[in-house]
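Use the sequences and the hints to build the structure in full.
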Amino acid sequence: MPHPFSKQPEGESYAPPQSMGTNLQQNSGQKRSFMLGMIRILAFGTIIAIYQFFNELEHFCWNIGIGDPCKYPPEYYYPALLLLILVLSSMLYSLLQLIRREWRYGVGVFLGGCLSIALFVISSMIVFFMN
Numbered sequence: 008m009p010h011p012f013s014k015q016p017e018g019e020s021y022a023p024p025q026s027m028g029t030n031l032q033q034n035s036g037q038k039r040s041f042m043l044g045m046i047r048i049l050a051f052g053t054i055i056a057i058y059q060f061f062n063e064l065e066h067f068c069w070n071i072g073i074g075d076p077c078k079y080p081p082e083y084y085y086p087a088l089l090l091l092i093l094v095l096s097s098m099l100y101s102l103l104q105l106i107r108r109e110w111r112y113g114v115g116v117f118l119g120g121c122l123s124i125a126l127f128v129i130s131s132m133i134v135f136f137m138n
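So for the sequence shown, the working numbering puts the first residue at 8; every next one is plus one.
It is worth saying that the hints were derived from the structure and are not from the lab.
Quick reminder that beta carbons are idealized off the backbone N, C-alpha and C, glycines included.
Label pairs and their calculated CB-CB ranges: (1) 95 to 70: 24 to 30 Å; (2) 114 to 136: 28 to 34 Å; (3) 42 to 87: 23 to 29 Å.
Pasting the structure below:
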């Protein structure tokens, strides 16, 4: 039975979305920003780039393929493997976010992965130019 002063017909309800337990802000897909996605991946990429810098500083060897090749210890390849895991997982996560229609966050994650690769290369090049 409707309220006596209500103009709604009996049995119909026009409840606002806030009273149904949904939050319009969360469902709009813009709860996470571009910068947040980029900074989260870039933080791990920066740590790996610093690790690569000190790794190159310790084990640097100029090898152009002529003569006796350099012998690297197995630990030399750890930063590259970590970066590969980071980039592959961030690209897959970015694709998932794009499928979920969180465009800004997904593109931020993708760009964070690309900038992590750039930081890795720059950290290697700094050691090359220092020696």
